[in-house]
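S.K.: Given only the sequences and the hints, what does the whole structure look like? Please build it.
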Amino acid sequence: MNGGLKSDRRELVLDFGTTSGEQRRRFNRTLVAGVCVFGTMVVLSIFAPWVTNGAPIRQDLLNPLVGLSAAHPLGTDQLGRDIWARVVYGGRTDLHIACLAVLLPFILGTTLGCLAGYFGGWVDFVVMRLVEVVVAFPFYVLVIALVFVLGPGTRSIYIAITVVGWVSYARIVRGEVLVVKRQEYVLAARSGGLNRRRIIVRHVLPNVITQAIVFAMSDVVLDILVIVTLGYLGLGVPPPTPDWGQMISDGQAYITTNPSLSIIPGIAVMITGFGLSLIGDGLADVLRPE
Amino acid sequence: MNDRLLQVEDLHVEIATSGGVVHAVDGISIELNEGEALGLVGESGCGKSTALRAILGLLPEGARISAGQVLFEGRDITARGRPRASRRVARSAPISMIFQEPMAALNPVMRVGVQIAEAVKHHERCTTTEAHERSIELLRRVGIPEPERRSRGFPHELSGGMRQRVVIAIALACRPRLLLCDEPTTALDVTIQDQVLALLRELQLEQGFAVLYVSHDLAVVSTVCDSLAVMYGGRIVETGSIPQAFRRPKHPYTAGLLDAIPDFDHVGVLSAIPGAPPSLISPPLGCRFQPRCRYAQQDCVSGEFPLIPVREGGSTACIHSEVVQTSWVS
Amino acid sequence: MIVPEEPVSTSVLLETRDLAVTFPIARSGRERFGRQPALAVHAVDGVDLVLTRGQALGLVGESGCGKSTLAFCLAGLIAPTGGELLLDGKRLEPTRTAIDQRRIQIVFQDPYSSLNPRLTVGQCLAELLRVHHLVSRGEVRGRCEELMKLVDLPVDALAVHPRKMSGGQRQRVAIARALAVEPDVLIADEPVSALDVSVQATILELLDSLRRELDLAILFISHNMAVVRHLCEQVAVMYLGRIIEQSSAENLFTDPRHPYTQGLIAAVPRLTRKRSQRIALTGDLPSPIHLPQGCRFHPRCPLCQPVCRSIDPPATTGRVVASDSLVPHSVACHFAWSPRPTSP
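Protein chains in written order, with numbering that gives the first Met the number 0: chain A, 0 to 289; chain B, 0 to 329; chain C, 0 to 343.
One or more of the hints may lead you astray.
[Stated by the list, open to error] SDA-like, lysine to any residue: derived pairs with alpha carbons at most 25 Å apart:
| # | chain 1 | residue 1 | chain 2 | residue 2 |
| --- | --- | --- | --- | --- |
| 1 | C | K163 | A | R201 |
| 2 | B | K120 | B | L55 |
| 3 | C | K163 | A | T209 |
[Said to hold, decoys possible] Which residues of chain C face chain B? A few of them, derived with a C-beta cut under 8 Å, are:
| # | residue |
| --- | --- |
| 4 | E61 |
| 5 | H222 |
| 6 | H229 |
| 7 | L263 |
| 8 | A266 |
| 9 | V267 |
| 10 | L270 |
| 11 | I278 |
If you are wondering where the hints come from, they were derived from the structure by calculation, not from laboratory data.
The model shown is predicted, which means the values in this text are computed figures rather than measured ones.
Don't be surprised by glycine CBs; every beta carbon is placed ideally from N, CA and C.
M.R.: Right under this line is the structure:
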């Protein structure tokens with residue numbers, strides 16, 4: 000040093016504990032509300048045999064279209080099947096498919112988007128052209144067409160949703176990666192001699208994935224609607240497995256006399272969607288970097 | 000008659016945050032006469048920028064003036080309780096402000112000349128042509144070459160220094176009697192900073208407006224201003240003329256700053272100030288600087304420490320100002 | 000315990016010869032098909048620098064002069080497009096071996112974006128130690144604690160995420176990270192510019208003591224000449240991709256010979272500056288895309304002569320007497336050593 004340095008090296012040890020503001024953030028009200036609502040639906044569908052009479056498919060042709068009663072809390076449909084049981088078991092089917100259906104595009108889209116964003120060049124070129132091809136088609140048209148071609152059933156639903164749904168994740172993640180890869184901590188990782196795989200997995204991915212996760216929440220809602228729509232069109236889960244979309248479609252013929260046949264599964268879809276939206280909003284707040 | 004141009008009296012600004020109420024400005028008083036240039040110095044978080052914005056009613060959402068008042072030419076321009084009215088009053092007064100980031104202060108999709116003309120028309124009754132002519136004249140005055148061509152251009156076509164000059168031109172449009180500056184040269188390179196500071200000095204001498212200059216850079220402040228107010232933890236801890244404050248600082252924080260800054264001409268001993276600034280949500284009792292102060296004593300730990308005028312001019316909040324020393328040599 | 004590998008010596012560690020980094024600009028159709036020459040940014044345009052063990056070299060310059068590009072190039076983040084980089088006399092290839100990559104480390108300017116927000120300090124350091132097999136598995140924790148002590152941070156900081164730390168503390172972590180791989184050269188790219196004044200001095204002192212303790216070669220990049228004057232023995236001034244003046248700090252600041260250096264020094268605000276002093280340098284910072292003909296500084300040079308407009312002066316080295324020793328002083332100006340003609 001040309002001058003000199005006289006300094007008091009006494010560094011006051013600062014308290015690194017969490018502040019109260021942060022704790023408050025972890026228990027974000029929207030998130031809690033969303034978890035309660037959606038969680039209720041999930042719990043009900045898991046414990047379906049215990050909360051219902053356990054017989055969603057059992058027909059009772061002697062008691063069709065019965066109103067609310069002790070044996071049938073929400074009445075029966077035109078074939079005497081208990082609506083409450085069908086709704087809960089239908090939820091089981093739909094939620095199960097939707098959650099799995101959102102996972103595959105998430106993984107595929109995040110991976111491709113990350114690679115495209117990080118490496119650029121021809122990787123980016125190819126991925127972006129694929130995105131453009133898929134995006135050229137209206138979402139529902141493509142999904143329905145694919146399911147139609149592949150034949151109705153859960154496997155086709157998974158394939159169709161994956162093929163069409165990965166693009167949103169890819170675009171989101173690619174955008175985030177383009178920003179993050181220029182951050183100085185990524186440069187520092189490169190300068191520190193870490194190989195590319197490690198940089199992508201440990202330094203880039205954890206910092207871009209939150210956006211994709213938040214999007215995934217709204218994507219689950221979308222996928223539930225897709226499944227319900229497919230069910231309504233007769234391209235969903237084959238009967239007699241209960242399914243909200245099928246229930247809505249079946250109830251159409253009785254819409255003037257017994258509207259509850261269609262409305263009740265509709266309300267179930269609404270509540271699920273509402274819960275997921277709250278979770279998505281709450282997560283967005285919680286995961287937002289300070 | 001009170002001839003003070005600007006009088007800030009016991010100003011308090013509170014900001015509501017998720018962690019609690021931050022007392023960003025905790026009772027500061029400033030007096031500025033016509034043509035005077037006062038530097039408000041302090042480090043990040045001391046409240047100097049917030050204080051400046053409070054004067055002009057530019058506080059962000061969640062921030063409000065909780066006590067005190069701001070008098071410009073004897074009139075209260077804060078008018079608390081009637082926020083909209085106060086903004087109108089404050090912004091029609093001949094007070095201008097220039098900020099740190101020139102690109103953020105200029106509308107990127109509006110031509111430069113139009114932005115200046117807009118400011119002119121807001122403060123004077125004149126036709127569009129007259130406003131346009133005045134805007135060209137202002138561009139020339141702030142040293143932009145080819146002003147007619149530049150006035151038709153857009154901000155992104157200009158370099159950082161040029162943009163800051165345009166910002167100054169806009170500030171001059173209302174023929175200000177007071178210019179508030181919030182670190183306007185911090186984002187500029189050294190030679191460009193030199194030009195902009197020279198321009199500000201020149202304009203101040205020529206037009207005679209007062210300047211309130213906020214910065215963390217003591218050297219920059221000393222080239223523009225005559226007197227100084229040092230802020231720490233939301234309060235002013237020392238005031239005085241600049242030569243006096245540097246030669247004989249009366250507050251340990253001022254001395255600490257002088258000791259920490261490497262001055263180009265004097266390669267001397269550098270020492271840092273240990274610790275960190277206090278939390279403004281729950282400030283410590285007693286003197287706020289005491290936890291970091293090398294002269295701290297028992298009686299600094301509790302009590303109130305208002306600014307007390309000192310015999311040789313200026314004031315200090317330190318009750319042990321006689322022992323304060325700096326190793327900086329003028 | 001960190002022990003320097005050799006005793007303090009004046010061995011040249013890192014050398015650049017005519018180093019160049021040019022970035023092509025996205026070309027329009029016309030340029031792509033050959034009608035118009037493609038534009039390029041000559042960020043670094045022929046730089047000769049020498050870093051020796053245990054010495055701090057200051058690099059000063061304003062925006063657009065290429066100092067950060069040079070730093071990134073030395074640290075292996077950008078490949079040079081011309082010239083050579085020599086480490087211990089051996090030429091460094093654009094793709095470096097892991098060992099060579101470790102030897103030159105960089106500390107960045109912004110403490111708020113130079114640390115991965117998802118990792119604790121300990122995780123960040125441990126990763127580097129493990130990947131390079133610098134210590135055995137059982138010793139990782141111990142070494143991390145040593146690194147914390149080296150940068151004057153408490154050991155509990157290892158469990159903390161960067162967002163809970165102040166700017167000064169984060170910068171110490173960044174320094175610890177750079178030191179974790181045991182480099183010989185440390186590039187500090189404006190390490191204190193984003194910090195409060197009261198904290199700057201501790202980081203500067205830390206760098207200085209590390210330089211002495213570990214016999215590091217430090218390249219200290221800054222726009223703040225006062226800081227450079229306090230910290231560095233050697234100083235180089237950069238303008239538009241070239242080093243236009245270089246000498247010992249004492250010599251350069253007392254006897255600057257290039258008009259740009261003189262202007263730069265005059266422009267530094269001082270605590271005792273008298274008001275209404277003449278402006279040091281007029282004109283704007285030029286763009287590194289359209290380099291001026293001849294001497295690249297001539298459009299702004301108050302002492303410009305006809306020869307300056309046509310011929311680009313090479314750096315000439317003279318030996319100057321300074322405090323009883325001969326000190327090399329290199330300047331890229333036609334009139335560095337001879338008087339200017341009196342009439343233009």
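S.K.: All hints, please: hold or fail.
M.R.: Hints and how they fare:
For the proposed pair C:K163 and A:R201, the alpha carbon gap of about 20 Å is at most 25 Å, so the pair holds. Pair hint B:K120 plus B:L55 holds up; C-alpha atoms about 20 Å apart against a cutoff of 25 Å. Under the criterion of a C-alpha separation no larger than 25 Å, the hint pairing C:K163 with A:T209 is consistent with the structure, at around 20 Å. A distance limit of 8 Å between C-beta atoms decides the matter here; for C:E61 the minimum to chain B is near 4 Å, and the interface restraint holds.
Interface restraint check for C:H222: the shortest CB-CB distance to chain B comes to about 6 Å, inside 8 Å, so the restraint holds. Of the supplied interface hints, the one on C:H229 holds, with its beta-carbon coming within about 4 Å of a beta-carbon of chain B, less than 8 Å. The beta carbon of C:L263 is positioned within 8 Å of a beta carbon in chain B (closest approach about 6 Å), and the interface hint is therefore held. At a threshold of 8 Å, the smallest CB-CB gap from C:A266 to chain B is about 4 Å, leaving the interface hint in force.
Using the Cβ-Cβ criterion of 8 Å, the hint placing C:V267 at the interface with chain B is satisfied: the shortest such distance is roughly 5 Å. Below 8 Å, beta-carbon pairs count as interface contacts, and C:L270 has one with chain B at about 5 Å; its hint therefore holds. The interface hint given for C:I278 is met, as the beta carbon of that residue sits about 5 Å from the closest beta carbon of chain B, less than 8 Å.
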